[in-house]
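Asker: Top line first, the protein sequences correspond to chains A and B. Take the first sequence: its letters are residues 1 to 111, numbered as in the working numbering. Take the second sequence: its letters are residues 112 to 227, numbered as in the working numbering.
Check the hints yourself; a few may be wrong.
[What the hints assert, rightly or not] Straight-line Cα separation of at most 30 Å, DSSO-like style, residue types lysine-lysine; simulated pairs:
| no. | chain 1 | residue 1 | chain 2 | residue 2 |
| --- | --- | --- | --- | --- |
| 1 | B | K176 | A | K45 |
| 2 | A | K79 | B | K176 |
| 3 | A | K42 | A | K2 |
| 4 | A | K42 | B | K176 |
| 5 | A | K45 | A | K79 |
| 6 | A | K2 | B | K176 |
| 7 | A | K45 | B | K118 |
No lab work stands behind these hints, which were simulated from the structure alone. From a predicted model like this one, the values you see are computed outputs, not experimental measurements.
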Amino acid sequence: RKEVEQDPGPFNVPEGATVAFNCTYSNSASQSFFWYRQDCRKEPKLLMSVYSSGNEDGRFTAQLNRASQYISLLIRDSKLSDSATYLCAVTRGSTLGRLYFGRGTQLTVWP
Amino acid sequence: SAVISQKPSRDICQRGTSLTIQCQVDSQVTMMFWYRQQPGQSLTLIATANQGSEATYESGFVIDKFPISRPNLTFSTLTVSNMSPEDSSIYLCSGRGSERGNTEAFFGQGTRLTVV
Chain A
1 RKEVEQDPGP
11 FNVPEGATVA
21 FNCTYSNSAS
31 QSFFWYRQDC
41 RKEPKLLMSV
51 YSSGNEDGRF
61 TAQLNRASQY
71 ISLLIRDSKL
81 SDSATYLCAV
91 TRGSTLGRLY
101 FGRGTQLTVW
111 P
Chain B
112 SAVISQKPSR
122 DICQRGTSLT
132 IQCQVDSQVT
142 MMFWYRQQPG
152 QSLTLIATAN
162 QGSEATYESG
172 FVIDKFPISR
182 PNLTFSTLTV
192 SNMSPEDSSI
202 YLCSGRGSER
212 GNTEAFFGQG
222 TRLTVV
């Protein structure tokens, strides 16, 4: 079983839509959780960390469900500029340990 | 977070040759990692670059094929040796644990390698 499983999509939504991505992780010892955004032919860039209590940054909301071992990302009022691949990542053990990445979910927002 | 400058950004190489990729961080980082990413796929960790000692390789990757150096806390290189077309991929270096206290991972711009 893969460390991190993620629906690859693609998700195609109109501007203004709300879209949600889920990501499951297999190791209950996972400690830190992140969402990254990767534009075509670019490197991944941190979108937001995911905290136990859930966190929000503008139109983006991230949540963690430790009991079911999944994290989610909700994007409200989608913009054309949100089109990208969204990667979830987890670490276990050491705070600065390696990240395990999902394969990414491709999002296309159309006008 | 800190900034990593990775070069070359792309290269086309003949099979059997070797290519060395360099990553320079603008501040000291505790951890550095090397990943490979095939188109449409996730990032696969090649190895953890350890400062002043041999890198720690993941299953399926060996030092003879992917020698790594990390002479200090701001610089690392990955060499792809005796290349074959199967090595065509994007190679990314990553850092964690910057002097600024960030713990998230940040990446170099990637090296797009094509082996012909």
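Asker: Next step is simple, just say for each hint if it's right about the structure.
Answerer: Cross-check of the supplied hints:
1. Among the hinted pairs, K176 (chain B) with K45 (chain A) is consistent with the structure: their alpha-carbon atoms are about 28 Å apart, no more than 30 Å.
2. Annotation: proposed proximity of K79 (chain A) to K176 (chain B) is violated, straight-line Cα distance about 43 Å (limit 30 Å).
3. A hinted pair counts as satisfied when its Cα atoms are at most 30 Å apart, and K42 (chain A) with K2 (chain A) qualifies at roughly 24 Å.
4. Note on K42 (chain A) and K176 (chain B): the hinted pairing holds, with a Cα-Cα distance of about 25 Å set against a maximum of 30 Å.
5. Note on K45 (chain A) and K79 (chain A): the hinted pairing holds, with a Cα-Cα distance of about 18 Å set against a maximum of 30 Å.
6. A C-alpha spacing of about 25 Å is found between K2 (chain A) and K176 (chain B), which places the hinted pair at or below 30 Å, so the restraint holds.
7. A threshold of 30 Å between alpha carbons decides the hint, and for K45 (chain A) with K118 (chain B) the separation of about 18 Å falls inside it, so the pair holds.
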